[in-house]
Every structure is written in C-alpha cells, then in structure tokens.
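These protein sequence lines are chains S and G, in that order.
Going from the first sequence to the numbering used here is simple: count from 1 and add 281.
Going from the second sequence to the numbering used here is simple: count from 1 and add 281.
There could be a bad hint or two in this list.
Which copy is meant is left open, because identical chains are indistinguishable; a pair holds if it fits in one copy or across any two.
Cut-off 25 Å, straight-line C-alpha distance, at most; resulting in silico cross-link-like pairs (DMTMM-like, lysine to aspartate or glutamate) [said to hold, decoys possible]:
(1) Lys451 with Glu485
(2) Lys402 with Glu364
(3) Lys402 with Asp464
(4) Lys402 with Glu488
(5) Lys402 with Glu484
(6) Lys402 with Asp432
No wet-lab data here; the hints were simulated from the structure.
Just so it is clear, the structure is predicted and the values come from calculations on it, not from any experiment.
2 protein chains.
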Amino acid sequence: AILAAIEAALLPADRPLSGRHVLVTSGPTHEPIDPVRYIANRSSGAQGAAIATALLRLGARVTFVTGPASAPPPEGAEIVAVETAAEMLAAVKAALPADAAIFAAAVADWRVTQASGRKIKKQAGALPGLSLAENPDILARVAGMAVGRPDLVVGFAAETDDVVAHATAKRARKGCDWIVANDVSPGTGIMGGTENAVTLITEEGAEDWPRMAKRAVAERLAKRVAEALAAGGRTASGGRV
Amino acid sequence: AILAAIEAALLPADRPLSGRHVLVTSGPTHEPIDPVRYIANRSSGAQGAAIATALLRLGARVTFVTGPASAPPPEGAEIVAVETAAEMLAAVKAALPADAAIFAAAVADWRVTQASGRKIKKQAGALPGLSLAENPDILARVAGMAVGRPDLVVGFAAETDDVVAHATAKRARKGCDWIVANDVSPGTGIMGGTENAVTLITEEGAEDWPRMAKRAVAERLAKRVAEALAAGGRTASGGRV
Numbered sequence: 282a283i284l285a286a287i288e289a290a291l292l293p294a295d296r297p298l299s300g301r302h303v304l305v306t307s308g309p310t311h312e313p314i315d316p317v318r319y320i321a322n323r324s325s326g327a328q329g330a331a332i333a334t335a336l337l338r339l340g341a342r343v344t345f346v347t348g349p350a351s352a353p354p355p356e357g358a359e360i361v362a363v364e365t366a367a368e369m370l371a372a373v374k375a376a377l378p379a380d381a382a383i384f385a386a387a388v389a390d391w392r393v394t395q396a397s398g399r400k401i402k403k404q405a406g407a408l409p410g411l412s413l414a415e416n417p418d419i420l421a422r423v424a425g426m427a428v429g430r431p432d433l434v435v436g437f438a439a440e441t442d443d444v445v446a447h448a449t450a451k452r453a454r455k456g457c458d459w460i461v462a463n464d465v466s467p468g469t470g471i472m473g474g475t476e477n478a479v480t481l482i483t484e485e486g487a488e489d490w491p492r493m494a495k496r497a498v499a500e501r502l503a504k505r506v507a508e509a510l511a512a513g514g515r516t517a518s519g520g521r522v
Numbered sequence: 282a283i284l285a286a287i288e289a290a291l292l293p294a295d296r297p298l299s300g301r302h303v304l305v306t307s308g309p310t311h312e313p314i315d316p317v318r319y320i321a322n323r324s325s326g327a328q329g330a331a332i333a334t335a336l337l338r339l340g341a342r343v344t345f346v347t348g349p350a351s352a353p354p355p356e357g358a359e360i361v362a363v364e365t366a367a368e369m370l371a372a373v374k375a376a377l378p379a380d381a382a383i384f385a386a387a388v389a390d391w392r393v394t395q396a397s398g399r400k401i402k403k404q405a406g407a408l409p410g411l412s413l414a415e416n417p418d419i420l421a422r423v424a425g426m427a428v429g430r431p432d433l434v435v436g437f438a439a440e441t442d443d444v445v446a447h448a449t450a451k452r453a454r455k456g457c458d459w460i461v462a463n464d465v466s467p468g469t470g471i472m473g474g475t476e477n478a479v480t481l482i483t484e485e486g487a488e489d490w491p492r493m494a495k496r497a498v499a500e501r502l503a504k505r506v507a508e509a510l511a512a513g514g515r516t517a518s519g520g521r522v
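With the hints as constraints, model all of the structure from the sequences given.
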C-alpha cells in the first residue's frame, strides 16, 4: 500500500485509471464430461493477463477472473480462479460494479447437459452421445444490464474467417461497446504465440492495428480504455465523444 | 555424454536398465472439435514425467511421447510432443522397438469424427451434435503385437469406482502385462496433485501400494521394471519368474 501510494505520487500523470475498477476475464473454460474428460477452448490467457497488467500500470484496481490458463496471472490484480462458464458468470456478477469490463476469456459456448459423476466406460460399439446445452452468454448479460452496467463493456472475437464481418455482427448482437477481434486460424501463430494482430470494432467502425506483441496490444487497449472512461464511457469510442 | 559416461562408471550397480530402451507415454491428448475447441482428458503429466525420470536414473534410454501436459518433461529423455491420440499412436510406432513400454498417457477414448476447419458459429436454437468415433487403442495394439512386442507392456487405469475390478478386466482385455490403477475421484486430490495411491495389477493379482509422492511411485515402478526385464520380461511380474 505504501509502495502503491509512492508510485501514485511519483507518476500521477501516468495513472489515468487511478480510482477506477476494471474487471478482466481471461483464459479458457473447461466444461466437464465426467471426472476425467472435458470440453475446452484453446486459450493460453496471455492476452488477458497482459491487458490486466497494462490496466494496473495505469492505476486501475483490477479484478481478474480466470479459467485454467497456462500464462501466469497478473501480479497486483485480485485473482478469481474458475473452471466452467457458469462459475465464471457467478464470479463476474460478484466482482461488479466496475467502471469497465473486458471479456478476454474464451468461454465455451456449450456445456455437457448432464456431466457424469463417474468415469464413462468405453463400451464396444456404443458411442456416448454428448448432449450439449448453451452456456450463459456472460458478455451479453453484462452489456445488457439495465442497472449497474459498466460504463465500458469490451468483448473479444476469435475468428477464423470473415473476421471483421463476424466481429461487427457480434458487437451489435451482444450490445457491447467494443469488440477486439482477431484471426486465430492455425497458420497465424497467434494462438499460443506472443504476438497478436487485432481489429478494434467500435460504433465508428473497424480499426486495424498492426501485428505487435500481445503486451503492446494490451498497453494500447488500456490507454484507450482510460481515454474512453475519461470521456464518459460508453458513448466514447476512445479519445473523442 | 561425458557426464553420462562418468555417472555410468561411478554407479554401475545402480543402473540396472543400462542398455535398455523404454518408451513412456504421458499427458493428455487433445481432440479438436474446430480450430478453437477440443475435447481433453485431465492429466498434468506429472506421474508420467516422474516415471521417465526414474527410468533414466536407472540407466535406461527413454523415449517420452507426451501430449499437451502442464508438468515439465523429463530431462535427458528423447521428447516427442503430440496432440491427438492418432499422433500419439504414430509416435509410439516410430519409437519402437523398446524393451519395455509404459503407457501413462490419458488418451482420449473418442475423437470428433469430422473436426471443422472453421470455427463453428453458435446459432440460436441449433446445437451442434458432436459425432464421436473411437480412437485407436494404443495400449492394446502394442500389447498385441505378434512381432516386436516389448518384453514388458504396462498400462494405466484411472478409475472412479470399482478400481481393482475395472483394472483387472482392463489388463485381460488389453493383453498387457501390468496395469497401474488408481482412483481419480475428485475427493482424492490425486489428479493434479503431488501424491498418488496406486494398485499394481499383474498376472498374480492386485498389489496395493501405500499413498506416496508421485516421484516415489515412479521410483518403485522403475525398480520393478528393471527386475522384470532382468528376469526375462513378460513372464516376470517383478522379482520372481
């Protein structure tokens, strides 16, 4: 606390998010099939952790809700570890209110309807039909909050084709302010890699960012979040109102 | 190489597996649904890595075929990294011949029949039916080899109920020499933990080992492997012929 106070005193101009609470979700979710099997999304959690770190550097208080990720969690954030989408939704609700919420987690769209408490035995000729149910849409729920909605709600869209079209449609469908979209096709090396090439979708359209380190993407996004909150939140798309 | 030679000269009595080649599989397999989703088994790879390390200490040459594991791979082994069960089978075939083969990997029993090259889009009301196909049974294939079968083939059985009965049946069904069985029910803390409580199933029956560190399980198993190979392989169940 003393160190934080000294840092805040030394670098007031660089801490535009001082006094702000930002919620960041990160990593994959794991949806159990039985005690030993699960369905998962690919996500190292590296981009989410980098965003949280960048927000902390700008002075924000950060709650970091993370699924089982391989990247180390950000130092200085309040870490909430979850496994499933349902657990992530509960943790997000518990973490609100927040000035901004950045949903970088790769949440599984589906869960197995009735996960077995026992290991499913393989039987000759009898394949288990996995019955799937849609998971809660955490981004849409928070973006659609009538009361207590964060001033800025940011979603992510990992796509493999028609990236901008899919992400623009997703922004409208979810009711969020921005979508950070990227192409995660196997050939790009982005998934599991250290670099990212994103397109920021705002109400003003699509803004391509050059390919850069995930840390640099995080710093640029954190700066835009600070500008948007300073300008009044959801009506701002970063820098101008 | 020089260090290894010195070690071998210094500790000849402790290196009963010198000149032996042992194949170890470890970790989970990931079976893709589409570029961002997959089905997986829970496995940290900790027990498999510990077994490889123990075998290396007894002088064996070790080929370590590993799925995407969180535990660090054993130093000194030849590491072959794979993702799916089909890739693991191919890597195992390429690694043979071996004096002993220890299948500690948690191989997914099923794969998605036709993994999508594009990210499957979520559509309102339309849940994707995942069509599953049985994966190749790597343990049974190697245990059943008419020519070039390793002298000792060891499988693993992670169970949540009726551990000994399921593991004994598995030994007979697969045609392997030993099964290392354990109870991975959530309450045991074994999955993802540092300890293990196993039962060794041989032709002579079931032998309960006390709960101990995974490293200790590995050392005890490696010693038994050395004894069995010294006694002539598959007809030996460890120590006596």
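Results for each hint:
no. : hint               : verdict
1   : Lys451 with Glu485 : within (15 Å within a copy, 61 Å between copies)
2   : Lys402 with Glu364 : both (24 Å within a copy, 22 Å between copies)
3   : Lys402 with Asp464 : between (38 Å within a copy, 14 Å between copies)
4   : Lys402 with Glu488 : between (50 Å within a copy, 23 Å between copies)
5   : Lys402 with Glu484 : between (51 Å within a copy, 23 Å between copies)
6   : Lys402 with Asp432 : neither (49 Å within a copy, 28 Å between copies)
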